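Q: This is what each chain is made of:
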Amino acid sequence: MRCTTSLLLVGLLASASGSSETIDWRNDLNAARAFAQKSGRPMLIVFR
Amino acid sequence: MCVRVTDMRGVDLNIYHFDYDLTFAALLMNADGEIYHTFGGRDGHDAESHLTIPSMVRVLKAGLTSHMKYAKNPKKRAARKPVRIEQIFDGAPPKKCFHCHNVHDTRARTAGRKRERQHFWPYPDPIQIGIALDTQNPPAITTVAPSSSSARAKLAPGDQIVAANGQPVLTFGDFQRALHAIPDGGGTLELSFIRGDQTMRARLSLKRRWKVADPATYAWRAMKWNRWPKPGFGGKPLTVAEKQTLGLKTEGLAFRVRYIVTWGRYSKTGQRAAAAGIRRGDIVYAVDGENDFADMSHYHSWFRLKRKVGDVVTYSVLRKGQRRQVKLRLERD
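As given, the protein sequences belong to chains A and L, one line each in that order.
Using the working numbering, you'd call the opening residue of the first sequence number 222 and step up by one each time.
Using the working numbering, you'd call the opening residue of the second sequence number 644 and step up by one each time.
Everything labelled a hint here was simulated from the structure, so no lab data went into it.
A quick note: this is a predicted structure, and the numbers were derived from the prediction, not measured.
It is possible that part of the hints are untrue.
Okay, the calculated bits of chain L under chain A, using three or more residues with CB under 8 Å as the criterion [unchecked claim]:
| hint | region |
| --- | --- |
| 1 | 664-672 |
| 2 | 910-918 |
In the SDA-like style, the derived pairs of lysine to any residue whose C-alpha atoms are separated by at most 25 Å in a straight line are [what the hints assert, rightly or not]:
| hint | chain 1 | residue 1 | chain 2 | residue 2 |
| --- | --- | --- | --- | --- |
| 3 | L | LYS951 | L | GLY920 |
| 4 | L | LYS724 | A | ASP245 |
| 5 | L | LYS738 | A | ASN248 |
| 6 | L | LYS951 | L | LEU889 |
| 7 | L | LYS949 | L | ARG758 |
| 8 | A | LYS259 | L | PRO725 |
From the three backbone atoms N, C-alpha and C, an ideal C-beta is built for every residue, glycine too.
Use the sequences and the hints to build the structure in full.
A: Shown next as structure tokens:
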């Protein structure tokens, strides 16, 4: 998987969220997991 | 919570596992490591063939429902020692980042020759059990190949697969995950599916080497590049007009040699090709008489899956208007 792959797909996710708001993407997976553990939230992880 | 990963360094491969060759994949999961759904998958022609917005919306909603159910009944998971790409990669680490596609081929390359086969066929396409799926949630069967394991289990077009070996299936990716878990040595696939208004079950027996794909199906995978044997050179396909001008058949693949591999860990493959007589600028119009390749990826996939180390291949080459045969013995460094 190449880092330069189509931004269209991330746009797809923004559309799928049903909101015009910008998604607050995190980049640090381990920190996000720790936060999810603490908050009890599910995680949507996109690899691209 | 949304996380975007473009560099595989630091990613625990024991937790975040998916088809790393894809250009896009999404996991809906929790912090315990429970993966609710996998969104991703493709066919041999189009990297986005299984990605649609309606499908993504349904997966996101289903993931939230699964998460609420999980919260009421969390599972205890045994802790596993993390495995990271930077620990198993056997070459000079990339300067900027590890790509996802580095994972499958690194695992295959570092597994040793006896074990590499089990890594060569990740996340099988459903075509390996004789069916094609659409992008609905849950995925519906569009075709069933005659005499396939799916045909023997009496699956039919229109059947919607909802579970595989006890795992819920909502997406094409979920189904591939279930297939991935079955060894290439053979196994059983228990399916639950909806036909009409009934939920039905089927049991498929998968024979030894059931994962072995044909070159066209495998062609899109980046991991093909590290498989042996390697031709040691490649190039650019000729257009129909170019083939006509050169007096070649317009059907099938012919390509102009643009590079001979003289760099990196596989430089010996290029040296052998050059020693055998391959030159930059040559037109290759057949290999062992074969030229029925859709594109260069298909050719490279065919070469690695249909030829083996020790074979001698014969290239049909056009050079300065002269047709000649070049024989190359395939070796492994």
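Q: Does each hint hold? Answer for all of them.
A: Against the structure, the hints:
1. 664-672: Coverage by chain A holds for the region 664-672 of chain L (9 residues, Cβ < 8 Å).
2. 910-918: violated (count 0)
3. LYS951/L - GLY920/L: Judged against 25 Å, a Cα distance of about 20 Å means the pair holds.
4. LYS724/L - ASP245/A: 30 Å, violated
5. LYS738/L - ASN248/A: 19 Å, holds
6. LYS951/L - LEU889/L: Status violated; Cα separation ~31 Å.
7. LYS949/L - ARG758/L: Roughly 20 Å between the alpha carbons, so the hint for LYS949/L and ARG758/L holds.
8. LYS259/A - PRO725/L: Holds, because 20 Å separates the two Cα atoms, which is no more than 25 Å.
Checked against the numbered hints above, the structure violates hints 2, 4, 6; every other hint is satisfied.
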